[in-house]
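Note that the protein sequences, when read in sequence, are chains D and B. Numbering follows this note's numbering, with no gaps: position 126 of the first sequence is 126. Numbering follows this note's numbering, with no gaps: position 362 of the second sequence is 362.
It should be emphasised that the hints constitute simulated quantities derived from the structure, not laboratory data. Keep in mind that the hints are not guaranteed to be accurate.
With a Cα cut of at most 25 Å, we get these calculated DSS-like pairs of lysine-lysine [stated by the list, open to error]:
(1) B:LYS330 x D:LYS286
(2) D:LYS286 x B:LYS388
(3) B:LYS330 x D:LYS295
(4) D:LYS31 x D:LYS354
(5) D:LYS286 x B:LYS305
(6) B:LYS330 x B:LYS241
(7) D:LYS295 x B:LYS305
Computed from a prediction, not measured in an experiment: that's the story for all the values here.
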Amino acid sequence: MAMILNEEQNLLRDSARDFVSDKGPVSAFRKIRDEKNADGFDKALWTEMAELGWAGVIIPEEFGGADFGFQGLGVVLEETGRTLLPSPLVSTIVLGSSALMLAGSDEQKSALLPAIAEGKCLMALAAEEGAHHAPYAVETAATADGDGWVLNGSKCQVLDGHVANQLIVTARTSGASTDRNGISLFVVAADSDGVEIEALSMVDNRNSANVKFANVRLDASDALGTQDKGADVLDAILDRGRIALAAEMLGAAQQVFEFTLEYLKERHQFGQPIGTFQALQHRAVKMFGELEICKSVVMEALTAIDEGREDVPVMASFAKAKVGDAMHLISSEGVQMHGGIGMTDEHDSGLYLKRARVAEHTFGSSAWHRDRFATLSGY
Amino acid sequence: MSDLDQFRQETREWLEANCPASMREPMSESEIVWGGRNAEFPNPDSKLWLERMGERGWTAPVWPTKYGGGGLSKDQNMVLQSELKRINARPALFSFGLWMLGPALLEFASEEQKLKFLPQIVRGEIRWCQGYSEPGAGSDLAGLQTRAVPDGDDYVINGQKVWTSYADEADWIFCLVRTDTSVKHEGISFILFDMATEGVETRPIKLISGSSPFCETFFTDVRVPQSHLVGELNAGWTIAKRLLQHERTSISNFGAVTGSEPVPLEYVARNYVGLTKDGKISDASLRDRIAAHRMEDLGFQLTLKRVAMEATQGSGPSAASSLFKSYGAKINQDRCELTVEAMGAQGLGWAGDAFSENEISATRQWLRSKGNSIEGGTSEINTNVVAKQVLGLRDHQ
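Chain D extracted, bound-state conformation (with noise of 0.2 Å):
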């Protein structure tokens, strides 16, 4: 178990913190959202995150990656968590690497994992197919034809479906719609014929997409991993997610958790700092404790994932559950705290607040992790 960062590590964070603080502080996600930039993040800064080796962190040397494991991801990811930074780490390089390097074929891992550590290739995982998260709840449907397949159906939640070059579906081949067995995972190129895409606009401003699929032509050679058994293969990708968005939200949560702390002790009422106040402090120290609590999770959690560990389900939903509610607690705390300018558009409380609770929502609630770890738990 590797609770405290190495040397690597750590120059990896001041690296990303420097980075972060330069290239992409809360004011760059505002001009995004101001500007209405229609990809949602900022492609050049992400051309210059994959130089510095982020977009390739996971993916191993002999697809030209940087092979420096999770725990090196999620550095990256709670840096850039605490300025909002949106970009495709979660989307392409946590879900879509994790996809093909978890079952892509040999070809399908030359072809498309050396151009995602470039950053060239965008992937996006359209898997749910309602508004709650329900991972085999899978209607769309692959019907074999010939020696490929023909894709029918709808998803929606799809991170980054609108930028991406290639799709990661969930499709049902067998059994009932929300049978676990039954379900194949395919890579579909996100310009096939019979292909929709319909961008949302989320309150988090982060991008998000509905996406349709009509008749839509598949080669054999498109179906990613064992027909029938993906849910064991989704499972496993969406776990990584679930603690790669965990390492997101907690550095979100500590920078939320800062800037409130320094108002507590800046804005005086009553001739002096708000922070003197009891009942202020003790809600301060609530939120510190949970994030030191949070921050042993997370670190533990993708630990769990580096060393390929079997309860690595249980990390997952144990994590997500956690730094969400510590999320949820302090995203809301830091509107409370501020008073009337917490309230308004100029200042960044509410950013964290909506990002949150989209964060808090994607791949399962806290509530519903707590149900799969009760289950995982055996009871």
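Chain D is already provided as a structure; the job is to place chain B on it using the hints.
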């Protein structure tokens, strides 16, 4: 072989030869060895185990050998602890002297005092109790009123202490007394004396959970030599605070030390509440809260580990450690509440054959756990301290 590997091998061999087999079994609370003049040993092996460990100084592994300690380095001590854990060895001695007083004496006492008191602590010969709280001085401990007035070579002590754990079984007391009434914190001194001295009286306190180790302790014209004062006159508050840090750490670790693993909540719930067809605890709300509690507990355990690792890296005590006491208390209280809730009426019995030993014990533990957030400094005071010292928030003016 490195020095440390060598040490590990020697330690392993010594423990193999010297730790009796019965000392490698899990122990109950009644088997705890507290030492002292009237020490009770549940079996001869526990006496032998204490003697052997005490002689080697391994009850206080990092204290200097000239004071009876083991003289081990931090690294060697980690090896020793891991070897003890490997064979599930029981702690040879439970002692406020080891956990609280000793570290304070090492830092503040005169050479003469160290030579006199520390070796006795290491060998478990003298059992200590702590005279801190008073009826009028709980959270505001520095408001204590017990007076020590100089008279010849002695102090004459009058006053009352409360919540003195095991005062009725202890041999000596480390006590906070007022030596200057004109100031508050700066008028407190730290003094040691024999509980057998004339004028000392103790009375046990019965709690909501039943009998308890706590006592009220009364001092009437108790004469104590002035040489038993530790540190400077009127400088006892600094020692008191330092000692409280040790106490808070030992309270948060206490459950782990006794090795008494409580029955996991999910088993209790399974037995008393039942399962659905697909194997889930049938009370969905209870199940959700058990999962949330397990996460809190696991997160806390992971944080204890992280902080221990950071400490070995020499980055100093982590800010997180200030939270251990109140978090540990909260988690234990939640566990007790959920256990009693899961047991239903069977978790609310007081005595008699209608309730199993486990059920009665759960009820008593639940009641007792309410004290976790009070003893050793309330969680509210602990939170004030974190706000001030860790977050840098100032006192209200």
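Against the structure, the hints come out as follows:
The hinted pair formed by LYS330 (chain B) and LYS286 (chain D) meets the criterion: a straight-line CA distance of about 12 Å does not exceed 25 Å. Proximity of LYS286 (chain D) to LYS388 (chain B) is assessed by CA-CA distance (about 13 Å); at most 25 Å being required, the pair is judged to hold. Taking the CA atoms of LYS330 (chain B) and LYS295 (chain D), the gap is about 19 Å. The hint holds against a cut of 25 Å. For a cut-off of 25 Å, the pair hint linking LYS31 (chain D) to LYS354 (chain D) stands: about 16 Å separates their Cα positions.
Under the criterion of a C-alpha separation no larger than 25 Å, the hint pairing LYS286 (chain D) with LYS305 (chain B) is consistent with the structure, at around 20 Å. With a CA separation close to 23 Å, the supplied pair LYS330 (chain B) and LYS241 (chain B) stays within the 25 Å bound. Straight-line distance between C-alpha atoms of LYS295 (chain D) and LYS305 (chain B) comes to about 12 Å, which keeps the hinted pair within the 25 Å bound.
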